[in-house]
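A.B. asks: With the hints as your guide, set chain B with the ligand onto chain A.
The listed protein sequences correspond, in order, to chains A and B.
Quick note on our numbering: the first sequence kicks off at 1 and runs consecutively.
Quick note on our numbering: the second sequence kicks off at 1 and runs consecutively.
Simulated from the structure, these hints should not be mistaken for lab results.
For every residue, glycine included, the Cβ atom is placed at its ideal position computed from N, Cα and C.
There could be a bad hint or two in this list.
[As the list claims (entries may be wrong)] So the derived label-pair ranges between C-beta atoms look like this:
| # | chain 1 | residue 1 | chain 2 | residue 2 | range |
| --- | --- | --- | --- | --- | --- |
| 1 | B | 271 | A | 184 | 35 to 41 Å |
| 2 | A | 172 | B | 391 | 51 to 57 Å |
| 3 | A | 184 | B | 249 | 44 to 50 Å |
| 4 | B | 31 | A | 174 | 53 to 59 Å |
| 5 | A | 100 | B | 186 | 43 to 49 Å |
| 6 | A | 125 | B | 284 | 20 to 26 Å |
| 7 | B | 180 | A | 127 | 53 to 59 Å |
| 8 | A | 101 | B | 357 | 49 to 55 Å |
[As the list claims (entries may be wrong)] Which stretches of chain A does chain B cover? Using the computed rule of at least three CB atoms under 8 Å from a CB of chain B, they are:
| # | segment |
| --- | --- |
| 9 | 11–18 |
| 10 | 29–42 |
| 11 | 61–70 |
| 12 | 105–112 |
| 13 | 144–156 |
| 14 | 159–166 |
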Amino acid sequence: MSKKLRLATVWLGGCSGCHMSFLDLDEWLFDLAAAVEVVYSPIADVKTFPNNVDVTLIEGAVANEEHVELVRTIRRNSRMVVSFGDCAVSGNVTAMRNPLDANSAEVVLDRAYKDAALLRPQVPHDNGIVPPLVARVMPVHALIPVDLFIPGCPPPAPRIRAVLQALIEGQTPEMIGAAMLKFG
Amino acid sequence: MTTRVVIDPVTRIEGHAKISIFLDEAGEVSDALFHVTEFRGFEKFCEGRPLGEMAGITARVCGICPVSHLLASAKAGDDIFAVQVPPAAEKLRRLMNLGQITQSHALSFFHLSAPDLLLGYDSDPAQRNVFGLIAQQPELARRGIRLRQFGQEVIELLGGRKIHPAWAVPGGVREPLTPENRERIRSRLPEAFETVEIALDFIRDYIRTHREEVEHFGNFPTLFAGLVSKDGGKWEHHDGWLRVVDSEGNVLVDQFDPRRYYEIVGEAVESWSYLKSPYYKPLGYPEGAYRVGPLARLNICESIGTPKADAELERFRSYGNARGIVTSSFMYHYARLIEILAALEHMQRLLDDPDILSPRVRAQGSINRLEGVGVSEAPRGTLYHHYQVDENGLIKKVNLIIATGQNNIAMNRTVKQIAKHWIHGAREAKIPEGLLNRVEAGIRAFDPCLSCSTHAFGQMPLQVTLFAADGRVLDVRSR
Ligand code: SF4
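So here's chain A without its partners, still in its complex pose (with noise of 0.2 Å):
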């Protein structure tokens, strides 16, 4: 047998609803786990981004600083990236908020924790610890460059399987047809 496809999942800001249609391939997911390894992923427990990596799919839109330096890091250690439903395509629900103000999160920021009525009313900001939100938010193709679209909010699971198929099988998988290709 040829060497194990090694597969990363990642999200970045996101509702994981794309994760949770990776779920629905299930009981595929065991014929999936014979042909992949999954090397990194929210719900493995392997904590640093590794070398080597085959196909990465990435949910979510890139919302904040850490996003910024995890999806270079995804770029430099994964052969193809794959942007993993609308959010990570478009921005989707995740990047509603950037018309509010176009050069700063600071609106939505203020909304939610600085209310007069909270306790403590502060925009949580801790050094190291809650990353700052970047001005607007951004899919991920604006920062890297990305192989693979695949839109869905979230993409059902029998696309997700027609798409991890073909990786398996050193195809490029066909993105075309009402199947493969609605947005929502």
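C.D. replies: Positioned in the frame of chain A, the structure of chain B with the ligand alone reads:
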């Protein structure tokens, strides 16, 4: 000098978080903190959107419990329409919520926590996940996966898709249940019962053989809060009165309309987390810490109201104090499994109800009130959606109080207690990986959903602002 050890990121939870452990010179734990590091700001960007869009948008708060947001949002809409939903719609919403509880609890137990409980805290971190479980315990892994799938299918058969269905609407639901789909749900119940019985046997055994762990796993007194049924204070997940009970079993709040939550819930902000800390106002912060979710729901209810789950509840209470209140956060795992059992029994009952196939599932209405609150028990605890709209039904203000946030104070105490119990004389700030994993497991017991929990914006709980048509502030009332 204190040294700080940071676990980054906390894994096998739903969302982004870190944990800090502070060590004194002797390598003993002086403190520990749980940090939530994400924020999206829903409440702000929902402003100006039509009420009808809210279910679709707020479902995207969370991909794990979109149904909870959907239901809370639809109920806030019912309140604004000032309509009563048809009986079949109410029952169908319940059915979907039971599917949601099943899938979400199965995810927490089998996919996320079972690797710790079955493979061990100190097992190889590269294998300590659902894929490792598939490799080492295939039979159980398959059962867990199929149980979650069953819950997801209930949601799909009702709402047309597994994640983010746009099915519940103000006034009821969009589609009735077909007889074929009722049979499909029914046909899968026996296997689901079998799986949960196996998991219950396992967890009781685990509790018996891991006394020390259970005793020091977030075990402390707090208040417990959640909904109970309007008839006799039974276990409730969809519509009921708010009840708050302390660890001695004293009932502090009862028969309370949860739509008035802001009278008793306050929120505090800390510099080290995007997650705010709600607390019970009469006791202040942080003394007013309360827990929500499976453990709380079992602690506050009189009974579950179905035979199998009630028998299990009695066993559960035998692990509690003299008043039958269970205070160890480890017991969330056990409570979650009992709730799956309860959900399956309640589903069975609903499927046998002749109302369930009725085509009358939606009351028509329009904007009849300018403010509405919808409350639902999400898998992780009580969820509040609070909207203000203008005459045209455009959203003026949104407040979401998310289940997980309400466990924030308790989650912080839990990591501290576990760290203090297990970590001693850490040399050069080096702590064995397995011990750090135990601390993380304390968080996993709460099954926090952080995608959800950092959207709460927390103005309306304490203050109501009356606006004139042109947006001028007419009156501000703090409460
Ligand atoms: S694309 Fe949709 S499902 Fe995926 S993270 Fe974004 S909001 Fe959630």
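A.B. asks: Hints first: check each against the structure and report whether it holds.
C.D. replies: These are the hints, each one checked on the structure:
1. Checked against the hint of 35 to 41 Å, the pair residue 271/B and residue 184/A passes, with Cβ atoms roughly 38 Å apart.
2. About 53 Å separates the C-beta atoms of residue 172/A and residue 391/B, a value consistent with the hinted range of 51 to 57 Å.
3. The hinted window of 44 to 50 Å between residue 184/A and residue 249/B holds, with their beta carbons roughly 48 Å apart.
4. The hinted range of 53 to 59 Å is satisfied by residue 31/B and residue 174/A, whose Cβ atoms lie roughly 54 Å apart.
5. Between residue 100/A and residue 186/B the CB atoms are about 48 Å apart, so this pair conforms to the stated range of 43 to 49 Å.
6. Distance hint check for residue 125/A and residue 284/B: the Cβ-Cβ separation is about 24 Å, which falls inside the suggested range of 20 to 26 Å.
7. In this structure the hint that residue 180/B and residue 127/A lie 53 to 59 Å apart at CB holds, the actual value being about 58 Å.
8. Range check, residue 101/A to residue 357/B: about 50 Å between beta-carbon atoms, so the 49 to 55 Å window is met.
9. Residues of the segment 11–18 of chain A with a Cβ under 8 Å from some Cβ of chain B number 7, which satisfies the need for three, so the listed coverage holds.
10. Residue count for the segment 29–42 of chain A with a Cβ under 8 Å from a Cβ of chain B: 6. That meets the three needed, and the coverage hint holds.
11. For the segment 61–70 of chain A, the stated coverage by chain B holds: 3 residues have a C-beta nearer than 8 Å to a C-beta of that chain, and at least 3 were required.
12. Residues of the segment 105–112 of chain A lying with their CB closer than 8 Å to a CB of chain B number 6, which satisfies the three-residue condition for coverage.
13. Counting residues of the segment 144–156 of chain A whose CB lies closer than 8 Å to any CB of chain B gives 3, so the stated coverage by that chain holds, three being the minimum.
14. Counting residues of the segment 159–166 of chain A whose C-beta sits closer than 8 Å to any C-beta of chain B gives 0, which falls short of three, so the coverage hint is violated.
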